Each structure stands twice: as C-alpha cells, then as structure tokens.
Amino acid sequence: AQKITQTQPGMFVQEKEAVTLDCTYDTSDQSYGLFWYKQPSSGEMIFLIYQGSYDEQNATEGRYSLNFQKARKSTNLVISASQLGDSAMYFCAMREWNYGGSQGNLIFGKGTKLSVKP
Amino acid sequence: EAGVAQSPRYKIIEKRQSVAFWCNPISGHATLYWYQQILGQGPKLLIQFQNNGVVDDSQLPKDRFSAERLKGVDSTLKIQPAKLEDSAVYLCASSFTSGGGDEQFFGPGTRLTVL
Chain A
9 AQKITQTQPG MFVQEKEAVT LDCTYDTSDQ SYGLFWYKQP SSGEMIFLIY
59 QGSYDEQNAT EGRYSLNFQK ARKSTNLVIS ASQLGDSAMY FCAMREWNYG
109 GSQGNLIFGK GTKLSVKP
Chain B
144 EAGVAQSPRY KIIEKRQSVA FWCNPISGHA TLYWYQQILG QGPKLLIQFQ
194 NNGVVDDSQL PKDRFSAERL KGVDSTLKIQ PAKLEDSAVY LCASSFTSGG
244 GDEQFFGPGT RLTVL
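Protein chains in written order, with the working numbering: chain A, 9 to 126; chain B, 144 to 258.
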C-alpha cells in the first residue's frame, strides 16, 4: 500500500492566488513527521515545512502553511499569494519513528506539478 | 554556508559500464543519505550513513550498487555494472543528526542516463 498519496499530478493557479496541494498518508505509528519539499526544474529538493504528529497547531512558514487533519491522515500544503517562482514539483514525505528511538526512512509521494500562470 | 555538493551533474554511459558519483555534505552533518529518483516519482532512499557507518541499506541493490563514506565526510556511490533501469537522478542529502524531525538538505543531484 502507498504510504504517501498525492492525488493531483498537476495543478494550475493564477499568480497571486492561493492553492492547496493534497497529501494523505498511511501509518500505524503514533509518532511521525510530515515534510513538504519543492523541486524546481533545476533538480534540487528544497525543504519547505514540517509538521510533527504531536503538534497541535498547524505549521506555518511564510507563505506556506499546512492543513493538518490527523484523524483523516491528511496534511495539505497551502501556498498563499502564488508567485511565478512557485512553479515546481511539490513532494509530500513522511518519516515514522517509535518510542525506542529508531527511525524509519523518509518516504516520498509521487509529487504534484504546480504551474503558476501570470 | 556551503550546501551539499555533488558531481558530476550529468553522466551518460552504456549498459554494463560502471559509474561513480561523489557527494560532499554540509560541514558538521553527521548523517548522509543517497536517494534514487526515477522520472515521475519521488526520491527513494538507497542508503543512510551515520558518520562512517551504515545505518540502513535495505533498499540498495547490493549486487550492483555500493557506497562508502570514508572518514565520515565525503561519500561515493558506485554502480557496476549499470542497467537501463538505473537511469535516474541520484540525490545526496545530509542532516545534522538522524533525528526524526531533522531537516535533510539536498544536493543538486546527478542525472544518469544508461543507454
């Protein structure tokens, strides 16, 4: 079964508008972390934002925020005031860890290609 | 602060040839990761080092892939012999620790094409 599911292969958004990128995850662990990365056409992965499973508040980082719904196992990324430079692939990822301290791998979804239109 | 460095950026080889990739992590980062990213997919972890020891290589095809991190700094990833399905971007990442919430910093990647 897919651990990370990103159901939107591609999204379009008008410049200056907000956009939401969907991500659902599958885990039986109580402790885990959720990450979003941006990958421009140049190839490097750029860390955007992190949400821990015990964080009660939705994470925010500048124009990026997460809509974290733990019961639904979803962590959607909201980008406000889209800019042309936001055009890129966006990957959701999860890392599981148990109380013993051993940590699982960072598991990525297949990504969503965001295109910002002028 | 310098980021994660990788070389080469691009490599084209024929199947059955060998190839090596190099990675220099951010100074002071104890944990180093190699990922394989096939076109249209997210990165998949191949191997994780903590200093110069291997933490996880469960997804590394050990019959053809090998990696080392001598002295706990630079790392090399080798493929020998290469197959067509090895065509991918190979990403190196590093983090200060292996903590669950620790951010991983990625290099620009090496794009490998196997003909």
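Keep in mind the hints are simulated off the structure, nothing from the lab.
Nothing here was measured: the structure is a model prediction, and the numbers come from that model.
Just to be clear, a hint being listed does not mean it is correct.
What the hints assert, rightly or not - In silico contact screen, one side only, chain A against chain B (beta carbon under 10 angstroms); selected entries:
1. F20
2. V21
3. F43
4. Y45
5. G93
6. A96
7. M97
8. P126
Stated by the list, open to error - Cβ-Cβ distance ranges computed for the label pairs, FRET-style:
9. B:T256 - A:Q91: 48 to 54 angstroms
10. B:P151 - A:N75: 28 to 34 angstroms
11. B:E157 - A:S39: 31 to 37 angstroms
12. A:D37 - B:A145: 44 to 50 angstroms
13. B:V198 - A:D34: 43 to 49 angstroms
14. B:P224 - A:N75: 20 to 26 angstroms
15. B:D245 - A:E23: 30 to 36 angstroms
16. B:D206 - A:Y72: 25 to 31 angstroms
17. B:E246 - A:T13: 18 to 24 angstroms
Stated by the list, open to error - Taking lysine-lysine and the DSSO-like style, the derived pairs with C-alpha atoms no more than 30 angstroms apart in a straight line are:
18. B:K226 - A:K11
19. A:K118 - B:K205
20. B:K205 - B:K221
21. B:K158 - B:K187
22. B:K221 - A:K118
23. B:K158 - A:K24
24. A:K11 - A:K78
25. B:K154 - B:K214
26. B:K205 - A:K11
27. A:K81 - A:K11
28. A:K81 - B:K226
29. B:K214 - A:K11
30. B:K214 - A:K121
31. B:K226 - B:K205
32. A:K121 - A:K11
33. B:K187 - A:K81
34. A:K24 - A:K81
35. B:K214 - A:K118
36. A:K78 - B:K226
37. B:K187 - B:K205
38. B:K187 - A:K118
39. B:K158 - B:K205
40. A:K121 - B:K226
Ideal Cβ placement from N, Cα and C applies to all residues, glycine included.
Do the hints match the structure? See the list:
For F20 of chain A, the suggested interface contact is broken, since its CB lies about 19 angstroms from the closest CB of chain B, more than 10 angstroms. Among the interface hints, the one on V21 of chain A is violated; its C-beta lies about 21 angstroms from the nearest C-beta in chain B, farther than the 10 angstroms criterion. The closest approach between the C-beta of F43 of chain A and any C-beta of chain B is roughly 8 angstroms, which is under the 10 angstroms cut-off, so the hint is satisfied. Because the smallest distance between the Cβ of Y45 of chain A and any Cβ of chain B comes to about 8 angstroms, under 10 angstroms, the interface hint for this residue holds.
At its closest, the beta carbon of G93 of chain A sits 17 angstroms from a beta carbon of chain B; the interface hint therefore is violated under the 10 angstroms criterion. Using the Cβ-Cβ criterion of 10 angstroms, the hint placing A96 of chain A at the interface with chain B is not satisfied: the shortest such distance is roughly 13 angstroms. For M97 of chain A, the interface hint holds, since its Cβ comes within 10 angstroms of a Cβ in chain B; the closest pair sits about 9 angstroms apart. Contact between P126 of chain A and chain B, as hinted, is not supported at the beta carbon level, the nearest pair being about 26 angstroms apart and thus beyond 10 angstroms.
Between T256 of chain B and Q91 of chain A the beta carbon distance is about 32 angstroms. The supplied range of 48 to 54 angstroms is therefore violated. About 40 angstroms separates the C-beta atoms of P151 of chain B and N75 of chain A, a value inconsistent with the hinted range of 28 to 34 angstroms. For E157 of chain B paired with S39 of chain A, a C-beta distance near 46 angstroms fails the hint of 31 to 37 angstroms. For the pair D37 of chain A and A145 of chain B, the supplied restraint of 44 to 50 angstroms is violated, since their beta-carbon distance comes to about 35 angstroms.
Between V198 of chain B and D34 of chain A the CB atoms are about 24 angstroms apart, so this pair departs from the stated range of 43 to 49 angstroms. In this structure the hint that P224 of chain B and N75 of chain A lie 20 to 26 angstroms apart at CB is violated, the actual value being about 47 angstroms. A beta carbon spacing of about 34 angstroms between D245 of chain B and E23 of chain A agrees with the range 30 to 36 angstroms that was offered as a hint. A beta carbon spacing of about 41 angstroms between D206 of chain B and Y72 of chain A contradicts the range 25 to 31 angstroms that was offered as a hint.
In this structure the supplied range 18 to 24 angstroms holds for E246 of chain B paired with T13 of chain A, their Cβ-Cβ distance being about 23 angstroms. Of the pairs offered as hints, the one joining K226 of chain B and K11 of chain A holds, with about 27 angstroms between alpha carbons and a cut-off of 30 angstroms not exceeded. Note on K118 of chain A and K205 of chain B: the hinted pairing holds, with a Cα-Cα distance of about 25 angstroms set against a maximum of 30 angstroms. For the given pair, K205 of chain B sits about 10 angstroms from K221 of chain B by alpha-carbon distance, which is consistent with the 30 angstroms threshold.
Annotation: proposed proximity of K158 of chain B to K187 of chain B holds, straight-line Cα distance about 22 angstroms (limit 30 angstroms). Distance restraint check for K221 of chain B and K118 of chain A: the Cα-Cα separation of roughly 25 angstroms lies within the 30 angstroms cut-off, and the hinted pair is therefore satisfied. For the proposed pair K158 of chain B and K24 of chain A, the alpha carbon gap of about 47 angstroms is over 30 angstroms, so the pair is violated. Distance restraint check for K11 of chain A and K78 of chain A: the Cα-Cα separation of roughly 15 angstroms lies within the 30 angstroms cut-off, and the hinted pair is therefore satisfied.
Under the criterion of a C-alpha separation no larger than 30 angstroms, the hint pairing K154 of chain B with K214 of chain B is consistent with the structure, at around 26 angstroms. Among the hinted pairs, K205 of chain B with K11 of chain A is consistent with the structure: their alpha-carbon atoms are about 24 angstroms apart, no more than 30 angstroms. Note on K81 of chain A and K11 of chain A: the hinted pairing holds, with a Cα-Cα distance of about 11 angstroms set against a maximum of 30 angstroms. The hinted pair formed by K81 of chain A and K226 of chain B fails the criterion: a straight-line CA distance of about 38 angstroms is larger than 30 angstroms.
Taking the CA atoms of K214 of chain B and K11 of chain A, the gap is about 35 angstroms. The hint is violated against a cut of 30 angstroms. For the proposed pair K214 of chain B and K121 of chain A, the alpha carbon gap of about 39 angstroms is over 30 angstroms, so the pair is violated. About 14 angstroms separates the Cα atoms of K226 of chain B and K205 of chain B, which keeps this hinted pair within 30 angstroms; it holds. At most 30 angstroms may separate the alpha-carbon atoms for a hinted pair to count; K121 of chain A and K11 of chain A meet this at roughly 19 angstroms.
For the suggested pair K187 of chain B and K81 of chain A, the alpha carbons sit about 22 angstroms apart, so the restraint of at most 30 angstroms is met. Of the supplied pair hints, the one linking K24 of chain A and K81 of chain A holds, its CA atoms being roughly 29 angstroms apart against a limit of 30 angstroms. Our distance criterion of 30 angstroms between C-alpha atoms is broken by K214 of chain B and K118 of chain A, whose separation comes to about 34 angstroms. With a C-alpha separation of about 41 angstroms, the suggested pair K78 of chain A and K226 of chain B falls outside the 30 angstroms cut-off, and the hint is violated.
For the proposed pair K187 of chain B and K205 of chain B, the alpha carbon gap of about 15 angstroms is at most 30 angstroms, so the pair holds. The hinted pair formed by K187 of chain B and K118 of chain A meets the criterion: a straight-line CA distance of about 10 angstroms does not exceed 30 angstroms. For the given pair, K158 of chain B sits about 17 angstroms from K205 of chain B by alpha-carbon distance, which is consistent with the 30 angstroms threshold. Distance restraint check for K121 of chain A and K226 of chain B: the Cα-Cα separation of roughly 28 angstroms lies within the 30 angstroms cut-off, and the hinted pair is therefore satisfied.
Checked against the numbered hints listed earlier, the structure breaks hints 1, 2, 5, 6, 8, 9, 10, 11, 12, 13, 14, 16, 23, 28, 29, 30, 35 and 36; every other hint is satisfied.
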